[in-house]
Amino acid sequence: MTATKPALPADAAGGLETVRVITETLRIVTDKRLELYNLTEKVAEVLKRHDIKEGMVLLSSLHTTLALFVNEWQAALLHDVKAMLEKVVSPRDDWRHNDPDHSDCDRHNAHSHLQATLLGHALSVSVTKGKLVLGQFQAIIAAELDGPRNRDLAIQIIGR
Amino acid sequence: MTATKPALPADAAGGLETVRVITETLRIVTDKRLELYNLTEKVAEVLKRHDIKEGMVLLSSLHTTLALFVNEWQAALLHDVKAMLEKVVSPRDDWRHNDPDHSDCDRHNAHSHLQATLLGHALSVSVTKGKLVLGQFQAIIAAELDGPRNRDLAIQIIGR
Amino acid sequence: MTATKPALPADAAGGLETVRVITETLRIVTDKRLELYNLTEKVAEVLKRHDIKEGMVLLSSLHTTLALFVNEWQAALLHDVKAMLEKVVSPRDDWRHNDPDHSDCDRHNAHSHLQATLLGHALSVSVTKGKLVLGQFQAIIAAELDGPRNRDLAIQIIGR
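Protein chains in written order, with my numbering: chain U, 1280 to 1439; chain X, 1280 to 1439; chain C, 1280 to 1439.
Honestly, the hints are just simulated from the structure, not real lab data. We put the beta carbon where it would ideally sit given N, CA and C, even for glycine. Hints should not be assumed to be uniformly reliable.
Stated by the list, open to error - Derived DEER-like restraints, expressed as beta-carbon distance ranges: (1) U:1312 <-> X:1297: 40 to 50 Å; (2) X:1387 <-> C:1327: 45 to 55 Å; (3) X:1427 <-> C:1410: 45 to 55 Å; (4) C:1312 <-> X:1365: 48 to 58 Å; (5) U:1306 <-> C:1427: 37 to 47 Å; (6) C:1428 <-> U:1310: 26 to 36 Å; (7) C:1383 <-> U:1428: 20 to 30 Å; (8) C:1383 <-> X:1311: 20 to 30 Å; (9) X:1311 <-> C:1366: 45 to 55 Å; (10) C:1416 <-> U:1327: 27 to 37 Å; (11) X:1328 <-> U:1428: 22 to 32 Å.
Said to hold, decoys possible - Some chain X residues well away from chain U (every beta-carbon gap over 10 Å; in silico): (12) 1298; (13) 1352; (14) 1414.
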């Protein structure tokens, strides 16, 4: 089924310059309880500002109810992602994290934490020729699972 | 429950050689609507060709309906992974991405996108002594969720 | 919704020192069939021992039924994570991996593998100023999905 294809240009391979490590915080302000936000351009801007040509970006949520994933930024599909999350982990189920006998959290957000564990708190994207390596239909998406809130993400670039 | 065990040989630690960044494309040709493909050997071959001894591989799908994960390559289990995906996110549910009133996508593939968000678009594997750091039963597996198609993955090696 | 905020101190950005790659094994001994373990301090200790200030940690399970995720370490929520896993992928469903006609695995652990594919086998955490970049409520958690067993994780630090 497979064939290796070194399709990227030769100057994308190798290179002996010193690798840099850059870490910043990206703040987003969310406006709904459950909502998705397209971070692709924000991440691309940070990358461009530091002029890293070859390397990777590690983007991490600093919150337990804010998750990250890569998929298509299309209104109908975004609706489906939210419907799927509520279906796979329902806010209406009896979760212990929501029970005052067992938890001092009064946000009724157990499902938000659980949905976040399925999506993941961080993602990595390669960088080559100064650009994020994403397919035509791929976007970097943050899933606010218990907003609205101010949310911080760590964005780290390792490269040269 | 835990004890730190620096079990890997001493020469796997430290090292001051310059780190390289290599990015290539790996093409796979899939042959079914829903199928799994073992990429472990393909990734190992790219690693071997570049002679990186210590570092990591970041493998990324460039598509929104092709996902990646690490687990066991066993026929019965692969059957179960596919069954589980169709159970957790059913192709038969009413997804808006499949509705011509809301979407110009006519592939009826909402579930493929949604399954991909749960599995993840990328994975990282450490490299030490020139080998992928994988357990005895671990394989790098691509999940084609809306094939058959030609699929490209970015494979990036950061190391020395 | 977004505003870029370079909130981390200036000395966290840039830096031209040589990047090191360190790989070790972390052993944990689990004591239940399904249980969660907080690895945050163990990972922080390895990081501290190597005195890496800027970079990332890649933590990987070397097993197909031990997964990793980042979320809150709270007893009620940990109970819910386990309940959610058993609900999304039930041990009581008919999985082929558990069927002696199709599989030589007699651990009846298909659901453990499947739950692991949803959580993920590895995670990356940024490092800045010598610390793991985690939010106030975030912990690095290992999910034992088919214990009790001795389990090895690869911990790799790339940084300077």
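For each hint, the structure was consulted:
no. : hint                          : verdict
1   : U:1312 <-> X:1297: 40 to 50 Å : 48 Å, holds
2   : X:1387 <-> C:1327: 45 to 55 Å : 52 Å, holds
3   : X:1427 <-> C:1410: 45 to 55 Å : 47 Å, holds
4   : C:1312 <-> X:1365: 48 to 58 Å : 26 Å, violated
5   : U:1306 <-> C:1427: 37 to 47 Å : 43 Å, holds
6   : C:1428 <-> U:1310: 26 to 36 Å : 45 Å, violated
7   : C:1383 <-> U:1428: 20 to 30 Å : 50 Å, violated
8   : C:1383 <-> X:1311: 20 to 30 Å : 25 Å, holds
9   : X:1311 <-> C:1366: 45 to 55 Å : 29 Å, violated
10  : C:1416 <-> U:1327: 27 to 37 Å : 32 Å, holds
11  : X:1328 <-> U:1428: 22 to 32 Å : 46 Å, violated
12  : 1298                          : 5 Å, violated
13  : 1352                          : 14 Å, holds
14  : 1414                          : 20 Å, holds
Of the numbered hints stated above, those contradicted by the structure are hints 4, 6, 7, 9, 11, 12, listed in ascending order.
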